[in-house]
Amino acid sequence: MSTTLLNNPAPAFDAPRDAGGKIMLVGLGRAAVSHHLETFGVEPKKLRMRTNQIWNWIYHWGVRDFSEMKNIAKPLREKLAAHFSLARPEIIERQVSVDGTRKYLIRMGPGIEVESVFIPDVSKTGALCVSSQVGCTLTCKFCHTGTQKLVRNLTPREIVLQVVAALDDLGEWPSGKENRKLTNIVFMGMGEPLYNTDYVGDALDTICSDDGLMIGRRRITVSTSGVVPEIVPLGERTSAMLAISLHAANDELREQIMPINRKYPLAALKEACLNYPGLSNARRITFEYVMLKGVNDSNKHAKQLIRFLEGIPAKVNLIPFNPWPGSPYECSDWERIEDFADIVNRAGYAAPIRTPRGRDILAACGQLKSESEKMRASERRKLEGERGG
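Under our numbering, residues 1 to 389 are what the sequence shown spells out, in order.
Honestly, the hints are just simulated from the structure, not real lab data. It should be emphasised that the depicted structure is a prediction, and the values quoted were computed from it without experimental measurement. For each residue, glycine too, the CB sits at the ideal point set by N, CA and C. Hints are all accurate, no fakes.
Pairwise CB distance ranges (calculated): (1) Asp121 x Ser239: 14 to 24 Å; (2) Arg307 x Asn281: 13 to 23 Å; (3) Gly21 x Asp99: 41 to 51 Å; (4) Gly348 x Glu271: 14 to 24 Å; (5) Gly311 x Thr137: 23 to 33 Å; (6) Ala87 x Asp211: 21 to 31 Å; (7) Asp65 x Thr355: 35 to 45 Å; (8) Lys300 x Ala31: 45 to 55 Å; (9) Glu310 x Arg217: 22 to 32 Å; (10) Pro174 x Asp121: 13 to 23 Å.
Taking lysine to any residue pairs in the SDA-like style, the calculated list, with each CA pair at most 25 Å apart, reads: (11) Lys149 x Tyr329; (12) Lys124 x Arg354; (13) Lys303 x Arg346; (14) Lys293 x Asp339.
With the sequences and hints as input, model every part of the structure.
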């Protein structure tokens, strides 16, 4: 059973209704779509066929109207349209960085807002950074999201809808077309995915469907701060690539900046990593390491990191710290980051330095917070008032 914080908000087949009382199908898993079609009255001998047809139209073709489902007879399309909705969630704000990064603030329902980020790559592919919770409970000291109180887990539908919203914005339908911009999904947005393992797994069943969104499981990366009991079950359930948000390789320092280390110290974390299903040189674990000036960026810290990695097929992503309002930290100097990377590289571990993306719109690693839009609006109003005075 998943280590899940708070009560998950809805059973698997529950679906919200739009303002007109229609059941909203987009975002639901296949079993849920089938359940609602059966309840609607689709005869049992045709239920599987109808489910597959509607599923394919929703997740492969991205249709917004039942009239577009041409392999379904018109009278049935009209009945479906009267009972079901293909509506999307509301994108409250869409921001585009100078580097092409796109950030979406998405309203899933009253009081439920999340941010997700599309990060284009120089190769014209890209990753969508999705959220698994509204807020976060972990309070990592360098992370903006950790300053937002946890509201609840996101449902599988709400996780999938972040992908649908991005595909709409990017014009990526049908999902199987060549030269797609969105090729990877990373669970590195708001929240701790392994405190919502069941729903993350259910969402991936939809995202990775061969007749739907068609994003392969090896193109899915789930990042955790180290919820040790859920690491192996995650691999067994999802076959996703694993990333560990590490940031320090000695218990004393890691406890200071990541309180979760008090519950799951480094020895237990390493043991779970060594047992991750499918771990090999072809399926390495990524260890994320944010560079904090004067905190975790010395040569000594680099050598501690190397000792921790010993025996684990691994690579390291060195992340220049991305500032956010009120943060007590600064980014390490670039020369210091390069020296740190050289030490790790010489030990035989790839240690690329991640280029910050989307900093100007608070979309970079560690900057997401669904209240940030409101905060910036408040700051703009205050500034405008001062200018007016």
